[in-house]
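> Okay, here's what each chain looks like letter by letter:
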Amino acid sequence: KAGVTQTPRYLIKTRGQQVTLSCSPISGHRSVSWYQQTPGQGLQFLFEYFSETQRNKGNFPGRFSGRQFSNSRSEMNVSTLELGDSALYLCASRRRGGLFDEQYFGPGTRLTVT
Amino acid sequence: AQSVTQLDSHVSVSEGTPVLLRCNYSSSYSPSLFWYVQHPNKGLQLLLKYTSAATLVKGINGFEAEFKKSETSFHLTKPSAHMSDAAEYFCVVSVLRESNAGGTSYGKLTFGQGTILTVHP
Numbered sequence: 282k283a284g285v286t287q288t289p290r291y292l293i294k295t296r297g298q299q300v301t302l303s304c305s306p307i308s309g310h311r312s313v314s315w316y317q318q319t320p321g322q323g324l325q326f327l328f329e330y331f332s333e334t335q336r337n338k339g340n341f342p343g344r345f346s347g348r349q350f351s352n353s354r355s356e357m358n359v360s361t362l363e364l365g366d367s368a369l370y371l372c373a374s375r376r377r378g379g380l381f382d383e384q385y386f387g388p389g390t391r392l393t394v395t
Numbered sequence: 107a108q109s110v111t112q113l114d115s116h117v118s119v120s121e122g123t124p125v126l127l128r129c130n131y132s133s134s135y136s137p138s139l140f141w142y143v144q145h146p147n148k149g150l151q152l153l154l155k156y157t158s159a160a161t162l163v164k165g166i167n168g169f170e171a172e173f174k175k176s177e178t179s180f181h182l183t184k185p186s187a188h189m190s191d192a193a194e195y196f197c198v199v200s201v202l203r204e205s206n207a208g209g210t211s212y213g214k215l216t217f218g219q220g221t222i223l224t225v226h227p
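Heads up: the sequence lines are chains A and B, in that order. Last residue of the first sequence: 395 (our numbering), numbering continuous. Last residue of the second sequence: 227 (our numbering), numbering continuous.
A few of these clues could be false.
Computed, partial: chain A to chain B, Cβ under 8 Å [said to hold, decoys possible]:
{"no.": "1", "residue": "Gly323"}
{"no.": "2", "residue": "Phe326"}
{"no.": "3", "residue": "Pro388"}
{"no.": "4", "residue": "Leu392"}
In short, the hints are calculated from the structure, not lab data. Just so you know, these numbers come straight off a predicted model, no measurement behind them. Glycine residues also receive a C-beta, built at the ideal position from the N, C-alpha and C atoms.
So that you can see chain A by itself, here it is in the shape it has in the complex:
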């Protein structure tokens, strides 16, 4: 079974631009979560989607948004990029939304903002 895939793997953008990252979950998984990883802040939760609905959102500004499609694929968008948005963005999927359902992570998208 194929794992979580994320595209693109690497991205370089300039300040003020916007970016869209894509995540394809494991087949049959309905929940997708997004995380930002930086050396200073570590791994921080962005949001979670389940059945096309946002279930949870972390403490990020409104410039960060996401959506999920009927096939469970998800995208996240960052508008008006800032230098501090440079990070590894990880997507994770899981089958349902239960307490003990582990999340499976993709390889991440490395975003560099110049």
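Given chain A, put chain B in place with the hints provided.
Relative to chain A, chain B alone:
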């Protein structure tokens, strides 16, 4: 609110010696606990998870962790380190919280700051 504290930012061991990575958690509700490993320039891989079925949890690659509710700890151990174990390890907690879409959700994982494990030949 839940939180996770990994007590060591760096741990260094010799190949063949035991590994101990310490984790304490704080949660108002019964948590689900996980350990993930991240190799350089790779995504996160699940090592093991605590599901309340047993306090001693066995994972992949010879790792195991013991859930101690009285100590609010979930330390990760391995009897004998291998060079390939060198990586960053994250202790993670997931708890029930209200969903902004109504109902509840377990989708938010709270990560510890990570422990970098170095294995010397």
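> Taking the earlier hints as the rules, which of them does this structure contradict?
4
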